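This is what each chain is made of:
Number of protein chains: 2
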Amino acid sequence: MVKRIIVIGANAAGVEAASAARKKDHTAEITLITDEKTAGYSRCGLPFVIGGQIPSFKDLIVFSQAYFKMMKLNLKTETRVTAINTKDKTVTVVAKTGVTETLQYDSLVIATGAYAFTPPIKGSDKQGIHSLRTIEDGEHILQAVNKGAKSAVIMGAGLIGLETGVALRERGLKVTVVEMLPQILPQMLDADMAQIVKEHLEAHGMCIFTEKAVEEFLGEDKVLAIMAGGEKIAADLFLSAFGVRANTKLAVEAGIPLGESKGIKTNARMETEVKDVYAIGDCAETPHLITHKPVCPQLGTVAVKQGRVAGINAGGGYAIFPGVLGSAVTRLFDIEAGVTGLTEAAAKRAGIEVITGVISSKTRAAYYPNALPIKVKLVIERESQRIVGAQIVGGEEVTQRINALSLAIQKGMTVRELAKADTAYAPPLNETWEPMILAAEMVLMKLR
Amino acid sequence: MVKRIIVIGANAAGVEAASAARKKDHTAEITLITDEKTAGYSRCGLPFVIGGQIPSFKDLIVFSQAYFKMMKLNLKTETRVTAINTKDKTVTVVAKTGVTETLQYDSLVIATGAYAFTPPIKGSDKQGIHSLRTIEDGEHILQAVNKGAKSAVIMGAGLIGLETGVALRERGLKVTVVEMLPQILPQMLDADMAQIVKEHLEAHGMCIFTEKAVEEFLGEDKVLAIMAGGEKIAADLFLSAFGVRANTKLAVEAGIPLGESKGIKTNARMETEVKDVYAIGDCAETPHLITHKPVCPQLGTVAVKQGRVAGINAGGGYAIFPGVLGSAVTRLFDIEAGVTGLTEAAAKRAGIEVITGVISSKTRAAYYPNALPIKVKLVIERESQRIVGAQIVGGEEVTQRINALSLAIQKGMTVRELAKADTAYAPPLNETWEPMILAAEMVLMKLR
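Residue numbers (the numbering used here), protein chains in the order written: chain A, 7 to 454; chain B, 7 to 454.
If you're looking for bench data, these hints aren't it; they were derived computationally from the structure. Any given hint could be a false lead.
Repeated chains share a single entry, so a pair holds when one copy, or any two copies, can fit it.
Claimed, not checked - Calculated pairs, DSBU-like style, for lysine-lysine (alpha carbon to alpha carbon, straight line, at most 30 Å):
| no. | residue 1 | residue 2 |
| --- | --- | --- |
| 1 | Lys-78 | Lys-368 |
| 2 | Lys-426 | Lys-30 |
| 3 | Lys-281 | Lys-381 |
| 4 | Lys-368 | Lys-228 |
| 5 | Lys-156 | Lys-271 |
| 6 | Lys-354 | Lys-426 |
Remember, predicted model here, so these are calculated numbers, not experimental data.
All chains should be built: construct the whole structure from the sequences, respecting the hints.
This is how it looks when you write it as structure tokens:
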């Protein structure tokens, strides 16, 4: 009999799952369902269309209609799943037309993603609070810009908030960022590293308030200003970037258990606690490779990898996803910032005794033109002397250093091993002493 | 009693050794001896002064006179060591003035480097065959360019040959490269990867002949042309870039044994077979971390690391140098090429059964402006499935990928582990699927 595989969600995780299932099972009937107009696009690219680096939201479509056709994936857009029945193995959907349908599955993959969360602040029911999660969201923001918005308030200094803030600044808007915590990028960087990024953003004309909570949205029907830390800040555009939450409503209603992190609980095969149901991407929880605690990393790289694993399993194969280090990177104006593993703060929260090493260096030989500053911070578990985290902020070549340290962490490299590691150099491309190695030596000096 | 430490050679390895010894022993009498006019400069930077990226050879001086003074290092420039006596623990030197002196040491560090080797080809005693090893060499080449040289022949398509060839091309010269072997960069890349670099060089107007040996230097006193593969190639400038050889004459005359690789034999503390004598940098051999065979990697990164180890040991401390993977990288016009560990060809020569995976990808999200091509080749030991080598050729972000794979190799990462590794991404900085991971998947497809 032909296997029926249904995937709810048709972006990074969902499309990857459907594609992997198809590669395993050439005859399966594979259906992808999304309530969005567009499928198979890169959410991570949205800020760069707003910033103008990418001409159109259409350019973000990574998987075209032709791809879905070629892979024989039955794609239903603008179709909302209203219920999952794990006993009968069905999902109920309602199309844009209003027509309701019940679809049978043998394997179900939940890739419902996450949503921008706005806390229950006074006035948060008013109109005009944007978020940036979908192409529609992006279009609304761009419309506001094109209609002449001159200023924006970004609520939350996480990755999406700052990337969108930078994009709006690049469009010429006056941009104010309001963050409740004492630093920007609190999930990603320690305060000392975040400070460098903050100064860079300020040097590019962004106004950043930390330790300022949004207390109220002001205006009639439409938000015209916020109150934050007792101060009134008016703007033409408001972006909710407080954070994202896993989209688990459907799963919860279907009795599919969540885990500690409020994501859908999964095992290494990306199976939920319910037979033949998988969860992947931003809605799913997965173990952290250092703390071994479940987390919801909500990263595109994780989504596609989990998607592939779930797809192979749903298609009758066997694959496992080992867990995450939360490796992430961003570029804001001319600065790059990245993280892998635990920050010093996160390690302390997890009860891990750590020692750190920080070094400032250059990205090229000091005498070579356009050598840019770079700062590396290593977080080392004191007893084992193993690397458990790293943060890098610099002008270039940050991403692959993060990947290097991610691989090192995954293989249990100690700081002593890193200090002796074999690295590559040429004057236009690096310093003779690789900054990661110098940071390791800084740690060793403390250990002596 | 005050310890007397003598270091022969005062560039990457030598200065690092002297500095490390000083940090360990604040009272030692430390003397650095070089026959060159200038000490403490970056040899690797020489081609970029010729290319014009760096204004002057003086800019390559990393360690100034003030540094040597601050570190209380007694620097003797333009002073040639004529003999080492390991019984009496002396070195005999002759200064520029002709004055001979015998210096006593308690510890001796030999950092005599390497020299450009020209095979005994007919006419190789004629004038006008340049090499590029010292600032003086660089000045001679630049003088020839400034006097109106319009064309150059580079003999040897290794790193230094190509970097200098590119520099001369950037100065507007017609550049012809003649390589005896069937590919360029034969020490660094496999033929398939080298081909991409060759095409890039040709696209920038360089003329590259492979499988053409230099048979004769033509001209009266001065070389005016070469015969190569039966063809006469005339030029205004000739560069010998056949290869470099360890400078071991002094050591051999002093009875200090060489190893299999023709470098000075050392142990992990960088001690030679003779008590209190160390050898470091381009003249010293060191174990390869994969083959466990001794090699002479002749790389700046290795020189400084070995220098630091020898300096700590000579200064009364304890440090070891674990060995090398030969990680190296270069930038030629707009292309970067790097290697770590064994090439496929080198693995086969070493009798290691390998399987490879090659992938072509982009350096940024495909939709992001200026995404550049990148190609990753992994070399995997078939039985253990461990990574034993990698080569990358691409438009950007090659160096740190090489470092990432170098760390992975050093920790014994298998191709399966790499395929599941946690990596970082953002549209301006990487593809969602890291190319190194895709290359690992290509290998796994062959293993299935």
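Hint check results:
1. Lys-78 to Lys-368: between (50 Å within a copy, 26 Å between copies)
2. Lys-426 to Lys-30: between (43 Å within a copy, 18 Å between copies)
3. Lys-281 to Lys-381: Neither way: Lys-281 and Lys-381 sit 47 Å apart in one copy and 41 Å across, limit 30 Å.
4. Lys-368 to Lys-228: Answer is neither; intra-copy 48 Å and inter-copy 43 Å both fail.
5. Lys-156 to Lys-271: The answer is neither: 44 Å in one copy and 70 Å across copies each exceed 30 Å.
6. Lys-354 to Lys-426: both (27 Å within a copy, 27 Å between copies)
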